[in-house]
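Visitor: Place chain B on chain A using the hints.
Just so you know, the sequences run in chain order A and B.
Residue numbers for the first sequence follow numbering that gives the first Met the number 0, so the first one is 0 and each next one is one higher.
Residue numbers for the second sequence follow numbering that gives the first Met the number 0, so the first one is 0 and each next one is one higher.
It is possible that some hints are incorrect.
Distance condition first, Cα-Cα at most 20 Å in a straight line; then the derived DMTMM-like pairs of lysine to aspartate or glutamate [to be verified]:
(1) B:327 to A:86
(2) B:96 to A:76
(3) B:84 to A:10
(4) B:386 to A:51
(5) B:344 to A:37
(6) B:13 to B:62
(7) B:344 to A:24
(8) A:85 to B:336
(9) A:90 to B:340
(10) B:235 to A:66
(11) A:90 to A:76
(12) A:25 to A:37
(13) B:52 to B:33
(14) B:234 to A:66
(15) A:84 to B:324
(16) A:29 to B:348
(17) A:84 to B:333
(18) B:235 to A:72
(19) A:90 to B:371
(20) B:234 to A:65
(21) B:327 to A:75
(22) B:256 to B:473
(23) B:59 to B:139
(24) A:25 to B:353
(25) B:385 to A:44
(26) B:344 to A:65
(27) B:96 to B:473
(28) B:344 to A:76
(29) B:344 to A:10
(30) A:90 to B:333
(31) B:99 to A:22
(32) A:93 to B:324
(33) B:419 to A:22
Where chain A lies over chain B, by a calculated footprint (3+ residues, C-beta under 8 Å) [unchecked claim]:
(34) 139–151
(35) 351–361
Just so you know, the hints here were simulated from the structure itself, not pulled from any lab data.
Using N, Cα and C, we set each Cβ at its ideal position, and we do this for glycine too.
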Amino acid sequence: MANKISDETMEYVGILAKLRLSDEEKENAKSDMEKMLDYIDTLNELDTTGVEPMSHVFPVNNVFREDIVENGDGSEDTLANAPLKKEQGFKVPKTIG
Amino acid sequence: MDICSMTALELGKKIQQKEISAVEAVKAALECIEDREPEINSFVTVDAEGALKRAEEVQKSIEEGTIVSPLAGVPVGIKDNMCTKGLLTTCGSKILKNFKPTFTAEAVRNLERAGAVIVGKTNMDEFAMGSTTETSYYGETRNPWNPAHVPGGSSGGSCAAVAAGECTYALGSDTGGSIRQPSSFCGVVGIKPTYGTVSRYGLIAYGSSLDQIGPVGKNVADCAAVLEIIASHDKKDSTSIDRKDYDFTSALVDDVKGMRIGIPRDYFLEGLDCEVKENILNAVKVLEDKGAVVEEFDLSLVQYAIPAYYVIASAEASSNLSRFDGVKYGYRTETYEGLHDMYKKTRSEGFGAEVKRRIMLGSFVLSSGYYDAYYLKALRTKALIKKAFDSAFETYDMIAAPAAPATAPRLGESLSDPLKMYLGDIYTISANLAGLPGISVPVGTDSLGLPIGMQLIGNCFEEKKIIRAAYAYEQTRADAGKGAD
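Isolated chain A (complex conformation) (with noise of 0.2 Å):
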C-alpha cells in the first residue's frame, strides 16, 4: 500500500507550510513523506472504532482569568528584536494590494 503524492499536493502542502522549497528539495521530500506515511499507515491495523480522540493526557479544563496587564509595558525591548522596524512598530511589505 505505498503512498504516492502528486506534484500538486506537495506545492498544496508548501503554501500550509509557507514553505518554498528547490526542486531538489522537493523531489526529497516528497519521498520521504511518502515512507513516513507508509509507515504511519501501519496504525490502519489497530482498530479505533468507538475511540475518542485524546488531545489532553488529563480531565484539566481551560482556565479563564481576568484580562489584567501584569508585566508592564516591554515594546521597546520587543522592537530592539524585530528585524525591520519604523517609529513604534514592526515593518513588513505591503499587506493589502
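Guide: Same frame as chain A, now just chain B:
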C-alpha cells in the same frame, strides 16, 4: 576535590559552608568549558561575563542569608530552547540566530530564585527535532566519552556538558525522549517529569502536548533536588498542574522492598542491542536482589507509538512554528517581493532540512481530506496507548526498560535515514504520549566503553517511585556520578 567533578549537592553544600565561593565555582566551570569546548561543543552561547557577575551577586545573597537553597551558586547549563531574558536563545536554528528574549522561562526563573548561576545555553537539535544533536545550525555536539560518537539528542548539549563537567547540572526538554536518550548516551541521569509538572512558559514549543522540561545531573539526588526547584504550578501555562507533592528529594531512600517492577516483553525483542539488553536485565536483577518484585508482562501496542507520535508531534510543530515569519524577531530574508514571498523565503532559508520535513508532514496530516485519516487516527491511538499503560500500572509500580535500543551511534551515521533514526525513540516516546514520568540512570558501558542507561517509567504523578528505585540502584554502583573522565 576538583570543583568540576563534584555533584550539584556536594558543591552547593560547600558553597553554603563558605568552603568554596560561588565565584570560584563558576570560574572552575568556565575553565573546564574553555578546555573542553573545542572538542565537545556543548554550548551555543557561553555567558562568562554574565555568569561571573551573577555569581558575585549570589555570593552576597548567600552571605546575607537571603538565599538558602541547596543549589545556590552552583553553575548550570540551560538548553537553548528556554528563553533567558537578554541572553541569546537560538533553539539551535538559524531563524533565531539573533533572538534575545524579553522574558525568562518560568523553570529558569525558579532556578534563579534558588540562586542558580547560568554559565550558558546548551546546544540541541534544531527546534528539538532530532536524536543526535547533529541538526543544530551551530555545529554538532560530540560525546565526551568518545568524540567520534554523538551525545544523543535533542538535549545533547545539556547531557554532554554535564558529563564533561562543563556545568554541574543542566536543564533539558523531552518531547519524545530528548532528555532520557542523551542522558543514557552520555552516562548521566535525566528525568522527564509528568506532563504539567514543570511550567512550559518560555519553552519554545515543539509539540506542546508532549513537551516537558526536566533536569540532567550527575546522579539521582541532584536530579531530584533540581526537579524540586523547577516544578511549580504556573498560571502562565494553561496545562500546568497544581500538584500535591513537590518534595521529590524525600524519595531519596535506599529501599525498594516490595516494589513491583514490570518488564514489558515487547521491549526486549528484536532490534535491541544484546549488550544493552544484558546490562538492563542485570540492573533489574540488582533491584530484585534488593527486594523488588520483578515480573515480565505484555504491554502491547508498542509498535504503534512511533507512527502516532510523528503524526501528533509534526502536526503540533507545523502549527507552533508558524510564528517564525521574519516579522517580529529572528532572521528575515534579504530580498523579497511582497509579504508571502517574505514569509516563504525567510522560513525556507531559516529552517534546516529536518525542521522543514516535519513542518511539511505536519501540514499534510492536518490538511482537509487527511485530518481524520491521520491526525484523529493518531489521537485515537494515543488514547489506546494511555489505556495500555493505565492497565500496566494497576499491577506494577513502574516499568523498567532501555532508554534506547543501542549505545551512541558514530557521528554522521543517523541523518541519512530519518525513519531509522525515528525508530530509535521506541522506548521513550510512549511516556510522552501518555504524559508519564521517566528517568534514565547509568547502568554500565558496552564493549566500546559507551554508556548504557536504564529507563524507569512511572505512573502519572509518581516520580517519587522511580526516583526511589533509581536511587536505590545507584547506591550499588561505585562509579555513580563520575562523568566521562
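Visitor: Failing hints, ascending?
Guide: 3, 5, 19, 23, 26, 27, 28, 31, 33, 34
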